[in-house]
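S.K.: Chain by chain, the residues:
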Amino acid sequence: MAALTITELVKRHGSFVAVNRLDLDIAQGEIVSILGPSGCGKTTLLRCVAGLEPIDDGQIAIAGKLVSERGYWAPPEKRNIGMVFQSYALWPHLTVAANIGMGLKVRGRPRAEIATRVEQALASLELQGLGDRYPSQLSGGQQQRVAVARAIVVEPEILLFDEPLSNLDARIRERVRGELHDLLRKLGITTLYVTHDKTEAMAISDRIVVMRNGVIEQVGTSQEIYETPTTAFVADFIGRYNFLPAAPASEAGGAHAIDVRGHAMTLVEAGGAASGTVGFKPEDATIVPSAGGANVFELTIAKQTYFGSSVETIGELLGSKVTLSLPRPITGDSVHIHLPSTRLSYFDDAGKGLPDEPRENPMSMKAAAE
Amino acid sequence: MSSTSSGIDRLISWTTFLLICWIVAAPVGFLFYAAFSGGYPGDPKAALTLENVAQVYASTKYLEPLLNTLYLALITALVVTPCGVLLAWLVARTDFRWKGAVSTLIPVPIFISPLLGSLAWIALASPDAGLINAWIGRGLLGIEGNLLNIYSFPAIVFVMSLFYIPLAYLLTVGNLMRLDGALEEAARMTGCGPLGVWFRVTLPLLWPTIISAFLIVFILSSEQFAVPALLGIQSHFTTIPVILYEGYEAGGMAPGEVAALATQLLAVTMVGVFLYRRTVRMARKYVVVTGKATPSRPVSLGAWQWLALAGIVFYFACSVVLPCIALVLGSFQKFLTSHFSIANWTLDNYRSLLEPYYVRVIWNTLTLAAGGALLTVILGFVIGYLATRFKGPEVVGADYVSSLPIALPGIAMAVGLLWTYALLPLPVYGTAAILVIAFIARFIGYAARLAATSFQQIDPSLEEAGRMVGMTRIGVVRRVAFGLVGPSMISAWTLVFAFIVVEVSTAILLYTPKTATMAVAIFNSMQSTGTVLGFTLAVVQLVFISVALFVVRRLVGALPAMAS
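So the protein sequences, as listed, match chains A and B. Going by my numbering, the first sequence opens with residue 496, and the numbers climb by one from there. Going by my numbering, the second sequence opens with residue 381, and the numbers climb by one from there.
None of these hints come from the bench; they were simulated from the model. Note that the Cβ used here is the ideal one computed from N, Cα and C, for glycine as well. A couple of the hints might just be wrong.
Unchecked claim - Negatives, chain B to chain A, calculated, CB over 10 Å:
| id | residue |
| --- | --- |
| 1 | ARG473 |
| 2 | ILE490 |
| 3 | LEU687 |
To be verified - So the derived list for chain A, only partly shown, Cβ under 8 Å to chain B, looks like this:
| id | residue |
| --- | --- |
| 4 | ALA545 |
| 5 | LEU547 |
| 6 | PRO570 |
| 7 | PRO571 |
| 8 | GLY577 |
| 9 | HIS588 |
| 10 | VAL649 |
Same shape as in the complex, but just chain B:
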């Protein structure tokens, strides 16, 4: 009995390992193959060549976009990390009066996404027609010309920062909360003043956390596609992801050269990952050795409350309120303008969404996101379950491989996927299946992490108790283990659903007119003439995500009571 069940265990864990390797590693492998290919994707007779690699790595042809990419990622991470840490500190360690509201609202910008943020800020701050330029700049302040120019490098950093600050916050707030307050109090008792405590104890202890957050923001900024693509055009500021898209879309580059350049972007993020892993290893040395953590007295902000509140209100105004207003206003107009005349108001944008193409786009988005999220969560939870309950090389491997895609640039992965499924005789290329595979590969890491965390919190004896009362092995996994993590699975599904709905950097290379998603259609509307239609789609996209989040909040809010 026990030998057969262990045989089934091995079968399941090896199948999972091979599946996750195929999904994640195959596109990377084929990307490297493509970098040396002289032909087109799917041409089995293509000769191998060093030409593409030489063009990318041994000439100055792509030096400027490479430097731009690094520069943009560096500056963004330098702006985002201090803001995120400060926000986390406010919530975790001070008596800031509105910290409950901050910790509830902080993920909202993530769901608005950099793509919609760019759209909205084009409406708000484009030269001449931008609402802020028209109303505040020329109207209120009486400035000639423009107060803000959205088509500039600082604006790209600004818009990206708005949407990465929540990430830096979420990456640091946990460790700030867990930091034993007694460590800081001990420093006070030893004679350090409040500032001394911060520089001698708090900051040194948080360095690994802060550097990790910095590197993750750096990685995500370097692969960010939509923001520099939309806002960098006029100032001719191009980064590698933008060149990859243009090279593929316009066909100005040999396909192999696109692949070679994609490997360079991969190299950039891998350097980030390497440094990240070193930091995490360093952090282990800092493991605090205590049993109990004492809740420490929160730092009293006094009058600084109001400055903090002003900063946070400004942040949410820029990242949520103003963008939503701009998107809604834009969706009811015939063209983007700051002069709101009656003649320019229209419902035609919403009527156009009833055209078959847009109905299809919306349907694609909902089905791909719902189905893709379901598959991702199932696979992620199987990996998380195996990783917490079983040992073996294949289990460790599956866990490790599933954590890689967080650092794989989406657009590089898309190039790899195109080559993979163009060559293989599987009915995937040019279908919705390739998008589903791409989405699983991109977001499996989040689902597996969430799953591992929730399985770790469940004592294995709960499952053993299930066996003792007569449940079968499968019955235990189904009724006890997955029953207990049900709420986390629902949360994970919503998260992945929202990520897929806003995903643009892989979908933009993999879609066909039949499989286009809303995010793709929004991006394309900005490239062609249908700007306001993009705004309308953006509003509909926001509504979908809000409904999903709202429904799940109610559901999960009610479920933990059942578990306890």
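With the rest of the complex left out, here is chain A:
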């Protein structure tokens, strides 16, 4: 039985549809990230699962038990869910131990049991000896771990995370991410993890759900969504793809030939009859010594930035501006590059188009592309 089943979920804020007829199944023990730009509805989805928001249509079931539908709304305290808030939401008037023990206290557990389990939770998160401190006396990383301890100590059915690393310093974020990943593996609790940072989602989760404008664009493992994006949006958001306009080939070149501004290009997948877009990742292009051969084109170089392990090269290819990640700097104004047909993805215009909103966090995308 699925740990969490979301069926045809609709959530509106006034006339704005935050989540639109969304379906999602999460298996017992699975770690799933919800990834998307701000305003895509990912946090709203999480709050609906938590029971902090009523839903407008559809159903949410936890371990087969219906918790939300239109007109019915099991309160959060009846759902047995643990949640780690973006701000951690540690109660400043209570000690670390009292923060962690609150859930057991309101469940009426005996005092001795609370003490033992709080101690265990402190130990499993390497917070030994900090039980008597107040949250304001802890570092950001420690606060984050207290928030996790508070969420897991009640042994919840599902663990929810709302961008839990976004308040951390960039330097320690990577380390905390690794620790969190190990802990979640060890705990084996079903986890729903909301983030706008794709590296975070790739590092933490078994499956990634990419959301945009209240609907799911693609569900898959990190590798699936990176290597075989099904929409241009996912391609851009995850892989920072370059896009070229594609039309059906004018002469008989087979089903795999398309036309890009008068140049023939070969694909592995079928191009289709209508016009569309062909895309490739910055690292997919390779430098070749001379013109000639299939899928070899001339790149006019505009700007090169040296990053050590790679060179970011911006230039013009077949009349479009592209960004490539090449192994070494190019001398001269132009170079011939090869786009392997196995690496080219075709997105038809009838499907989902290019991203229409500014990227939320260009820095993290750049980091991933290198």
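For this one, chain A is given, so just place chain B on it according to the hints.
M.R.: Same frame as chain A, now just chain B:
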């Protein structure tokens, strides 16, 4: 260049510090001197004595008024604080449908003032002639005798509460709004029910705020003069401020004894201040450690909407609507009555305001309030600017001293001022200047606070940018810093203007027939025979304050657009 400008800085900040110390600390110092003086104010040869202090502190002579003062302040604070917190919670944390209207209207009772409220409620609920007693009690309900008696202890608490509830609201609403909703949601996620959240998280987090509000209401209630003076007479309920006034006015007490008793009132408020500061220090521990505060889902009131609305309508009826009706009705009558016969209607009250004495009173009020507010705001903004932009003992000191008068009982300060300027050879005693000094001292705290808050919101780099484009140091302060806080200065001026117009507890000891203000004349009219004239002055006073507030709302409403 930089050394000379820093020299000017020091000169300005030290001058400000000494000025504010003189204005605030001198009256307190002279008050203590007076408590040990055997003579009259201004008598340099008066011998020192312990007699007055012994009378006040070592005998039971003034024990009853002291207990009355504490009791009244305690009960009022106990009534006011829960009401204010509840109102703040409605506006800050629920889906109450009319919260916009509530947050706009809530300061209105402050400008009506306890003095006018007492007048109005005398017309509404005095035995026999009170409108509510006549129409609702005897007319509607058919009760023999009186439904309400305004000359009673519960009535004193009631009238004071009406005018302090907005204060308790304003002192708590900010922290309620800032309270991170995620803290409450986290409690729900951990398994607390809605009530559990309130008792385990919300209330404990708000305790420091609530206790601070309680103590401030306690301090202001203990020094409240007009309400117990007007409503406590018939039930012989007297508090220290009333005894101070009577002792000074009637001369039944030695002047030194008045001063000694004033120090006792000061002691009461200082205990409040001490506890307040401890609470604020405790509150620092509770500083919420998050970066972002999540907007939380407002609590759904459901059918409780209507109960809340009923309560709020009742509150505004008692604090604003009924008092205004009563004051206007009274101002058109020959004497206060519940039998409205044609013969009793008159315009004579308004005609009497054209007599030279009342013309003078109105003129005094307007000039004192406008001028006093201007000086207060200028000094307050200089202190606020120095406190946010400069360091140094004199800057910290000026900021601290300016915050003290909020807790200084107005009537005790008046006694101190009388002794100060009777003794010193300055042309202040018995002139309008002593009133101006008193008003600055009383309200400088509000102006300095407002100024500090608005300067804190302005990034110093805006001023540095002014220097970079070639403005002089003074030019930057004038064009950039004060240009940006202009709207706040106008707001502060209006606030202080209104406070001065309704001020009665210091003015009542410091005025002379030449410098009397409307508030003083209103109070005196209730003591002598001219009750309805007091009502008429009250109506005129309300009109002045309304016009000032209206004009400034338009002005400031338009100005922030210029700044942004």
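S.K.: Now tell me if each hint is right for this structure.
M.R.: Status of each hint after checking the structure:
no.: 1; hint: ARG473; verdict: holds (15 Å)
no.: 2; hint: ILE490; verdict: holds (31 Å)
no.: 3; hint: LEU687; verdict: holds (23 Å)
no.: 4; hint: ALA545; verdict: holds (6 Å)
no.: 5; hint: LEU547; verdict: holds (6 Å)
no.: 6; hint: PRO570; verdict: holds (7 Å)
no.: 7; hint: PRO571; verdict: holds (4 Å)
no.: 8; hint: GLY577; verdict: holds (7 Å)
no.: 9; hint: HIS588; verdict: holds (5 Å)
no.: 10; hint: VAL649; verdict: holds (7 Å)
When held up to the earlier numbered hints, the structure conflicts with none and fits them all.
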